[in-house]
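Student: Here is how the chains run, residue by residue.
Protein chains: 2
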Amino acid sequence: MATNNYKFILAYEGTNYHGFQIQNNALTIQELLENALQKIYKQHIRVHPAGRTDRGVHARGQVVNFKAPDYVPVNNLPAALNSILPADIIVYNASLVPDSFHARFNAKGKCYIYRLDLGAYPDLFWRRFAWHIPVKLDLEQMKEAAIYMIGRRDFASFQAAGSSTKDTVRELYELSFSSNNQILSLTFKADGFLYKMVRNITGTLVDVGRGRIQLSAIPALLEKKDRRYAGLTAPAHGLCLENVYYNPM
Amino acid sequence: MATNNYKFILAYEGTNYHGFQIQNNALTIQELLENALQKIYKQHIRVHPAGRTDRGVHARGQVVNFKAPDYVPVNNLPAALNSILPADIIVYNASLVPDSFHARFNAKGKCYIYRLDLGAYPDLFWRRFAWHIPVKLDLEQMKEAAIYMIGRRDFASFQAAGSSTKDTVRELYELSFSSNNQILSLTFKADGFLYKMVRNITGTLVDVGRGRIQLSAIPALLEKKDRRYAGLTAPAHGLCLENVYYNPM
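One line per chain: the protein sequences are A and B, in this order. Per our numbering, the first sequence starts with residue 1, numbered consecutively. Per our numbering, the second sequence starts with residue 1, numbered consecutively.
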């Protein structure tokens, strides 16, 4: 039987999961996705994500690929999967891709949004998807600090302590701010991200906003290339993987 | 000790509750609110809502009043309550009101929003707060049907079957449509609402949108003053009590 390479775009709410990657003794997105595919194909199908998301992190544009027999029409796959998956994991799109396509190795970049809830009290609709910060933040200082981050830089100061990644240079194309009522969205687009980089930059920007880190300290903090000099790590639930970019196929 | 009359504006996600009103053997908003007040005042405090919301229905602008001793500064009450209440019930505002104020008897009108998710697949962020309808709806027909509803009318056809309310005339000031990406919000403002009126009108409009009820049948359906002639009841989770209106005090 012939095999196809499939690409899925999927969304999930991370609240109740221990991240994307399969683990012993903890429920993950990957496990549920592979179990659902097993129900359809009657064999184990391994999925490859564009990036692992951590426990509690959400996605609206995660991409996975997997190889599977060709007997299910690709346009039927999203509905078939969604009828098996729990309501907090949603397959939006399925397509056929060349055999050589790999969701992670072929990714040219990603977009994450980190959402802050700046209201005095949390917005009911956003409490699972935004970090509530009830203290006044100086947004102008935060925007100034963000400008220092943009570009091709060594982000070692924003890599999670203990990470083994050696090449810590990444190009941050965009770090922009947009507000909708009390929700402030920080949009990050880069050719790649170090482990916890978005949450560490966000935590540092929030520390600038509340006066714990001076704007003038940011260039030196990047220069140190040492996690201990940057600000706190923003909590997982404000983070969402929005998009993964590929070259046209 | 002197007693004050307090007014709270509160939000809650109805997903995990059996509605507002206290019940035996089922968890309700009222029970949790009264339990939280008991922790603060060391006595039972009865709260009076502007309106009971049903099981699964949300609120962003529910109003309650209650009489309690005057020893807690009113500005401290929201934070004190929120520290006790679960995260899906949020007190946004507390104020002192005249002794004669009653959240239900003094209400001059209310605003509800019913949200529909018209995407092929549910929007991850809105799945708890919008009714997902993946079939194509004729919005122009729905808007035409909505026009028949606006004004001072007998809404008996949209009252839940078995309701005992005798006076079924209400004035619907507004029934408007607004879209944000795949979420369509139907905003209802009226001097009052019959039991399940918003969900029954919404279900009927959706039936018009998918061609199960003809637009031309709407006037006769209102004339019948009989629930059996209208459309289905929209599910609870799309409904949210947004605002309660009072005369200036």
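Take the hints with a grain of salt, since some may be wrong.
As the list claims (entries may be wrong) - Sample of chain A residues at the chain B side, in silico, Cβ under 7 Å:
| hint | residue |
| --- | --- |
| 1 | 54 |
| 2 | 55 |
| 3 | 86 |
| 4 | 90 |
| 5 | 124 |
| 6 | 148 |
| 7 | 245 |
Unchecked claim - Computed cross-link-like contacts, SDA-like style, restricted to lysine to any residue with a CA-CA straight-line distance of at most 20 Å:
| hint | chain 1 | residue 1 | chain 2 | residue 2 |
| --- | --- | --- | --- | --- |
| 8 | A | 108 | A | 138 |
| 9 | B | 136 | A | 79 |
| 10 | B | 136 | A | 108 |
No lab work stands behind these hints: they were computed from the structure. Glycine included, C-beta positions come from ideal geometry on N, C-alpha and C.
Student: All hints, please: hold or fail.
Tutor: Hints, verified against the model:
1. 54: violated, 17 Å
2. 55: Because about 17 Å separates residue 55 of chain A from the closest Cβ in chain B, which is outside the 7 Å limit, the hint is violated.
3. 86: Not OK, violated: residue 86 of chain A not within 7 Å of chain B, min 11 Å.
4. 90: Interface hint status for residue 90 of chain A: holds (5 Å vs cutoff 7 Å).
5. 124: holds, 4 Å
6. 148: violated, 31 Å
7. 245: violated, 20 Å
8. A:108 x A:138: violated, 33 Å
9. B:136 x A:79: The hint holds at about 16 Å.
10. B:136 x A:108: Distance ~35 Å between residue 136 of chain B and residue 108 of chain A Cα, so the pair is violated.
Comparing the model with each numbered hint stated earlier shows that hints 1, 2, 3, 6, 7, 8 and 10 do not hold.
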